[in-house]
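Protein sequences appear in the order of chains A and B.
Per our numbering, the very first residue in the first sequence carries number 1; after that it's consecutive.
Per our numbering, the very first residue in the second sequence carries number 1; after that it's consecutive.
Since the hints were derived computationally from the structure, they do not count as laboratory data.
Fair warning: there could be bad hints in the mix.
No more than 20 Å apart at the CA atoms, straight line, and that leaves these computed lysine to aspartate or glutamate pairs for DMTMM-like [stated by the list, open to error]:
| id | chain 1 | residue 1 | chain 2 | residue 2 |
| --- | --- | --- | --- | --- |
| 1 | B | 41 | A | 52 |
| 2 | A | 61 | B | 213 |
| 3 | B | 279 | A | 31 |
| 4 | A | 61 | B | 194 |
| 5 | B | 180 | A | 16 |
| 6 | B | 280 | A | 52 |
| 7 | A | 61 | B | 314 |
| 8 | B | 193 | B | 260 |
| 9 | B | 271 | A | 14 |
| 10 | A | 9 | A | 26 |
| 11 | B | 229 | B | 174 |
| 12 | B | 282 | A | 52 |
| 13 | B | 271 | A | 26 |
| 14 | B | 279 | A | 14 |
| 15 | A | 76 | B | 218 |
To give an idea of the interface, some chain B residues facing chain A are shown, with a C-beta separation under 8 Å as derived from the structure [stated by the list, open to error]:
| id | residue |
| --- | --- |
| 16 | 34 |
| 17 | 111 |
| 18 | 113 |
| 19 | 114 |
| 20 | 151 |
| 21 | 152 |
| 22 | 155 |
| 23 | 232 |
| 24 | 242 |
| 25 | 244 |
| 26 | 271 |
| 27 | 276 |
| 28 | 283 |
Note that beta-carbon positions come from the ideal geometry of N, C-alpha and C, so glycine has one too.
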Amino acid sequence: MISAEEFTKQLVSEFEDVPENIIFPDTNYRDIPNWSSMYALIIIAFIDANFDVQLNANDLKNTQTVRDLYSIVCAKMNS
Amino acid sequence: MSLLTVNNVSLKGVAACVPINVYSNLNYSHVTQEERELFIKTTGIKERRVAKEGMSTSDLCYEPAKQLIEKLNWNKEDIDIVIMITQSPDYFIPGSAIILQHKLGLNKSCLAFDINLGCSGYVYGLYVLGNLLSSGQLKKGLLLAGDKSTVSAAFTDKSAYPLFGDAGSATALEFDESAKTMYFNLASDGSGKDAINIEHGGSRNGIQKDTFDLIEIEPGIAREKRHLKLNGIEIFNFALREVSPNVNELYSKANQTIGDTDYFVFHQANKLINESVRKKLKITDVSKVLYSLEKYGNTSSASIPLTMITEASDTLTTKNSKLCLCGFGVGYSWGSALIDTKPFICLPLIEL
C-alpha cells in the first residue's frame, strides 16, 4: 500500500481545479473550496478504481480527514 | 445464476424519439456556475431533452413505433404483441401499451401490457418479449421503452434535476429460426427501494397534506414528496458492487469474452458511474463503449435503444454485430444481455 501522503496526492489530482498545496493527509476533505456531494462521488470512484475498495455512505459519514479515508481503505484491503 | 436464453428471435429494427426542447445544464440557474461546470465534467451530461407539458411517454413511443412499422413494411394486423417499459405511464390506469395498441391501429387480438421497470427495463423487456416470441405462437412484437422522467424531478433538487432527459423508443423483434441465441443475466434487489423512489402518490402514502410541501433536505436539494429522490452515493455503490460481476458472469456462462464484443451499450447513468463500470470490466477499447448521455442525459428505459441508433447506426444497419447490453438502476434491478444482430433498421432520431 502506498503512503498516506501519496494517497492524498493521488486523490487531489482527481479534483481538477483544486491546488495540491492546500490538501494534506490531516485536512478535512470537506473543507476543499466549493465542496459538494459531487466530490464524494469522485472520492468513491477514485478508491474503487485504484484500490478495488467500495466506500458506502456510512464510511463517508464517519470520516473527516483524508487520512481517515486512507485508514478505511487500508482496513478494507486487509479484511 | 442460471444462464437465461432466447432462441429463434431476431432484432429487426430500432427507432427512438426525443422532445425537441433542449435544456443546457450550463444554464441551470439553481446552482452556481462552478457547480454547473463540475457537474458537467463529472457526469458528462451537457444537455437534455425535456418534453413540454401535455406530451406524454406514450407520445414519445408512438412516433418511433409508427415510423418503424412503416419502414419495416409490417402489416399492422401481423403484430401480435406490444410491451411497454415505463415508470412514467400516461395514467395510473390503464397501461400505456394498451393505449398504444389502439392508437397504432393494431388488432384487438394483440397482447398489450406494461412492465414497471426503469433503467434495467430494456434488457428485461428483450428477455420477456423474446421468450414470448420464441415458441412461434406469436410472430412479430414491439418493445416500447420510454420515460418522461422530467415530470417528477424537482428544479430545486440539484441531485436529480440536471441528470434526466425524456425519450421514447420502439424495437421490433420477430420469430426467426435462423437467429442466434441471445444470452441474459437478470437480477433484482428490493432492499434498494429507497435509493431511487417517489414516496407519495402510490397506494402506500397516497396524496397527503404534505405531498406538495417543498422540503429542504440539504443546501441545493429541496423537493416535494411527489418528486423523485435519489441517493447518489448508495446508487453509485450499488452500481460498483453489482454491475461488473453480472456482466462478467454472463460472459463466462455464455462462453464468450469481452474481446468478442463489437459494442457495449450500457444504460446511460452518468459518466462517472459508466466509466467506473468500464474500468472494472477492463474494457480498454473505449471506442466500443457507446455514450449518448452528453446530449440526452440519463434517459431511463430508453437509454440503450437511443444510444444504439444515435451512436452506431452506420455499423448496426450494415454489419453483423455482437452487442453487450447492460441496464441497472431503480429497484434495484439490473441485467445484461449478449446478442448477435444481423444488419437491422435504425431510423434516424425523431424529434417531437
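Outcome of the hint check:
For the proposed pair residue 41 (chain B) and residue 52 (chain A), the alpha carbon gap of about 23 Å is over 20 Å, so the pair is violated. Pair hint residue 61 (chain A) plus residue 213 (chain B) does not hold up; C-alpha atoms about 28 Å apart against a cutoff of 20 Å. About 29 Å separates the Cα atoms of residue 279 (chain B) and residue 31 (chain A), which puts this hinted pair outside 20 Å; it is violated. Restraint check for residue 61 (chain A) and residue 194 (chain B): satisfied, since their Cα atoms lie roughly 18 Å apart, inside the 20 Å limit.
Of the supplied pair hints, the one linking residue 180 (chain B) and residue 16 (chain A) is violated, its CA atoms being roughly 46 Å apart against a limit of 20 Å. Only pairs whose Cα atoms come within 20 Å are accepted, and residue 280 (chain B) paired with residue 52 (chain A) is accepted, the gap being roughly 9 Å. Proposed proximity of residue 61 (chain A) and residue 314 (chain B) is contradicted: the alpha carbons are some 47 Å apart, above 20 Å. With a C-alpha separation of about 35 Å, the suggested pairing of residue 193 (chain B) with residue 260 (chain B) is violated against the 20 Å cut-off.
For a cut-off of 20 Å, the pair hint linking residue 271 (chain B) to residue 14 (chain A) stands: about 14 Å separates their Cα positions. Of the supplied pair hints, the one linking residue 9 (chain A) and residue 26 (chain A) holds, its CA atoms being roughly 12 Å apart against a limit of 20 Å. Taking the CA atoms of residue 229 (chain B) and residue 174 (chain B), the gap is near 38 Å; set against the 20 Å cutoff, the hint is violated. Distance restraint check for residue 282 (chain B) and residue 52 (chain A): the Cα-Cα separation of roughly 13 Å lies within the 20 Å cut-off, and the hinted pair is therefore satisfied.
Only pairs whose Cα atoms come within 20 Å are accepted, and residue 271 (chain B) paired with residue 26 (chain A) is rejected, the gap being roughly 30 Å. Using a Cα cut-off of 20 Å, the hinted pair residue 279 (chain B) and residue 14 (chain A) holds, with the two alpha carbons roughly 16 Å apart. For the hint linking residue 76 (chain A) to residue 218 (chain B), the alpha-carbon distance of about 30 Å lies beyond 20 Å, and the restraint is violated. Checking residue 34 (chain B) against chain A: minimum C-beta separation of about 5 Å stays under 8 Å; hint holds.
Checking residue 111 (chain B) against chain A: minimum C-beta separation of about 42 Å lies over 8 Å; hint violated. Checking residue 113 (chain B) against chain A: minimum C-beta separation of about 37 Å lies over 8 Å; hint violated. Hint status for residue 114 (chain B): violated, given a least beta-carbon distance of 32 Å to chain A, over 8 Å. Here the hint on residue 151 (chain B) is broken, as its CB sits about 24 Å from the closest CB of chain A, past 8 Å.
Using the Cβ-Cβ criterion of 8 Å, the hint placing residue 152 (chain B) at the interface with chain A is not satisfied: the shortest such distance is roughly 20 Å. Restraint check, residue 155 (chain B) versus chain A: the minimum CB separation of about 17 Å is more than 8 Å; hint violated. Against a cut-off of 8 Å between C-beta atoms, the interface hint on residue 232 (chain B) holds, since the closest Cβ of chain A lies about 6 Å away. Because the beta carbon of residue 242 (chain B) sits about 11 Å from the nearest beta carbon in chain A, more than 8 Å, this interface hint is broken.
Interface restraint check for residue 244 (chain B): the shortest CB-CB distance to chain A comes to about 10 Å, outside 8 Å, so the restraint is violated. Given hint, residue 271 (chain B) at the interface with chain A, is violated; its Cβ is 10 Å from that chain's nearest Cβ, farther than 8 Å. Because the smallest distance between the Cβ of residue 276 (chain B) and any Cβ of chain A comes to about 5 Å, under 8 Å, the interface hint for this residue holds. Interface hint status for residue 283 (chain B): violated, as the beta-carbon distance to the closest one in chain A is roughly 13 Å, over 8 Å.
In summary, the structure is inconsistent with hints 1, 2, 3, 5, 7, 8, 11, 13, 15, 17, 18, 19, 20, 21, 22, 24, 25, 26, 28 from the numbered list given earlier, while agreeing with the others.
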